[in-house]
Amino acid sequence: MSLLATSFLENHNFIDSLYILAVILFIVGLRGLAGPRTAVRGNQIAAVGMAIAFVATLLQHGVVPNGHTAILIAVGVVVGTAVGIPAARNVKMTAMPQMVALFNGVGGGAVALIAWAEFRRRFPGGGGDWYTKSMIASLFAAIIGSISFWGSNIAFGKLQEILPGRPIKLPGQQLINLVLLVICVGSAAAIAAGTHSQALFILGVLVAAGILGNMVVLPIGGADMPVVISLLNAFTGLSAAATGIALNNFALIVAGTIVGASGSILTNLMAVAMNRSVPSIIAGGFGGGGGEAAAGAGAGAGGGGTARSTSAQDAAIQLAYARQVVIVPGYGMAVAQAQHAVREMALALEKKGVEVKYAIHPVAGRMPGHMNVLLAEADVPYDQLKEMDDINPEFGRTDVSLIIGANDVTNPAANNDPGSPIYGMPILEVDKSQSVIVLKRSMNSGFAGIDNPLFYDPKTAMLFGDAKASVSEITAELSNL
Amino acid sequence: MDLVTQIGVLVLAAFVGFEVISKVPNTLHTPLMSGTNAIHGIVLLGGLLVIGEAVGADDVLGQVILVIAIAFGTINVVGGFLVTDRMLGMFKRKPEPKTDEGEGS
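Protein sequence lines, in the order shown, are assigned to chains A and B. Under the working numbering, the first residue of the first sequence is numbered 1, with each subsequent residue one higher. Under the working numbering, the first residue of the second sequence is numbered 1, with each subsequent residue one higher.
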């Protein structure tokens, strides 16, 4: 009886049916993620799909041939869970983009490691035989997985400010990258052509791809990092699909490809919102040559103007007697953890009869939706958050635009200075409102490294200092009015 | 599955991915990226599929590589889904404020 049950569970049609079920759950789950009300359940459904796929794989005949294997699998899963749960639980909402980069990186790392192990197994002592199809798919997985792992780590380092956010460029960077790419593809080709030192060449592939991953992300500025993470996310998905082809696994192929497709769309959406193209971001031109030209142009255009600074008291008076205030949050708010303070200030303003709205630029912060997540954490009602196209016509009717740590997304040069590298990027048109208050730490330029003429506009007042402290001061002053 | 079948599956899956994803509003992009991120942690299964062979071949280094791969994949899956859940928990809709009478006062 138990023998019968076992053989039924190990039946490959049964396993494949479970995989199909898992894939359906992934698709249903992703569709759920499309709406704010269904998103939580969508995520849970996808997680159930993953659990089913996991169990189905373990049931497969020959996957757990003995106790030793079972112990090794258990060790891996337990260690992974022990690291993953606290990391996900304890990460601050502001550090979310880095966390996504890190989780993406380990996924890519897993792909690369599996490819490496497969090559060691298939070609133990030099020579050996393997399907060309599996070999080529594995080589692809090794290259992309390794790039994704190291690239994501650099992205994490930059966002976590372990590494400087500004672009880091070596002399002859393009040449170095080209050489690395040649080593990478050359080693892969040598393996595919049937060399007898596969175990050695696969290391060449992995190491060269790893260095390439570092080199490609290092020259990219912090502002472009979300696009890069999204791109690496898509890459990891594709490399997982390649692993699926190499290992003949249906679930890996489908799930990996869906992630690859979604990641490419998201990457493109982000790049379009910034009026950038993905290839030019990868070329890392923005912070390099383009940025210098921009600094020159900015100095020429705004050099004569001076910024006017204000006090929290003046700002509070200005806000309290406004009919409509639009708050424009940016990365500065995230860094200062100011979202709760902002919410309190908005409540104080609403008590005085001021209409408060939030203008959310698609790429404010470090990722699309970054500001929404933070403001939702502070219990800001969903319907006060306005997307760019909805709020832009409103600035003409707005008395005060309060900019909290945003910069490039409000830069009017994008509309009226054809020489600016961000010319043509859709912005929040705060310069159309009656007056502007900018909360900022200093006069330093934003991530794009471009001067912002808005700061020199006569109707703009600057309130320097930490965003959270400034907002709290304004709230305190409001209660005194 | 032969290669042609696999490529067929891959192409269809890509279309499903495009169709499902392209309807997501801007505000949910970060959770979505995080959710898809968790799903590609499915490479964990790849580690499960091959580790038995490394044990069979008495390949210690291979076993170490694959245990790390499984741990990485698990971090990707477990951490990814949890972090997405936390992000989405923030999107609670507040009860509508009562604005029918008090306005203008």
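Calculated from the structure, these hints are not laboratory results. Idealized CB from N, CA, C, for every residue including glycine. Don't take each hint at face value.
[Unchecked claim] According to the in silico footprint, chain B covers these stretches of chain A (three or more CB under 8 Å from chain B):
1) 31-41
2) 44-54
[Said to hold, decoys possible] The calculated label-pair distances, taken between Cβ atoms and stated as ranges, are:
3) Gly8(B) - Tyr382(A): 37 to 45 Å
4) Ile7(B) - Ile162(A): 38 to 46 Å
5) Asp58(B) - Val48(A): 34 to 42 Å
6) Ile7(B) - Pro418(A): 24 to 32 Å
7) Val185(A) - Gly89(B): 40 to 48 Å
So, going through the hints one by one against the coordinates:
1. Restraint check on the stretch 31-41 of chain A versus chain B: 8 residues with Cβ-Cβ distances below 8 Å, three needed, restraint holds.
2. Figure legend: the stretch 44-54 of chain A, annotated as covered by chain B; annotation consistent (6 residues with Cβ-Cβ distances under 8 Å, at least 3 required).
3. A C-beta distance of roughly 41 Å is found between Gly8(B) and Tyr382(A), which places it inside the suggested range of 37 to 45 Å.
4. For Ile7(B) paired with Ile162(A), a C-beta distance near 41 Å keeps the hint of 38 to 46 Å intact.
5. Restraint check, Asp58(B) to Val48(A): a C-beta distance of roughly 37 Å satisfies the suggested window 34 to 42 Å.
6. Between Ile7(B) and Pro418(A) the CB atoms are about 46 Å apart, so this pair departs from the stated range of 24 to 32 Å.
7. Checked against the given bound of 40 to 48 Å, the beta carbons of Val185(A) and Gly89(B), roughly 44 Å apart, stay inside it.
Consistency with the previously given hints fails for number 6 only.
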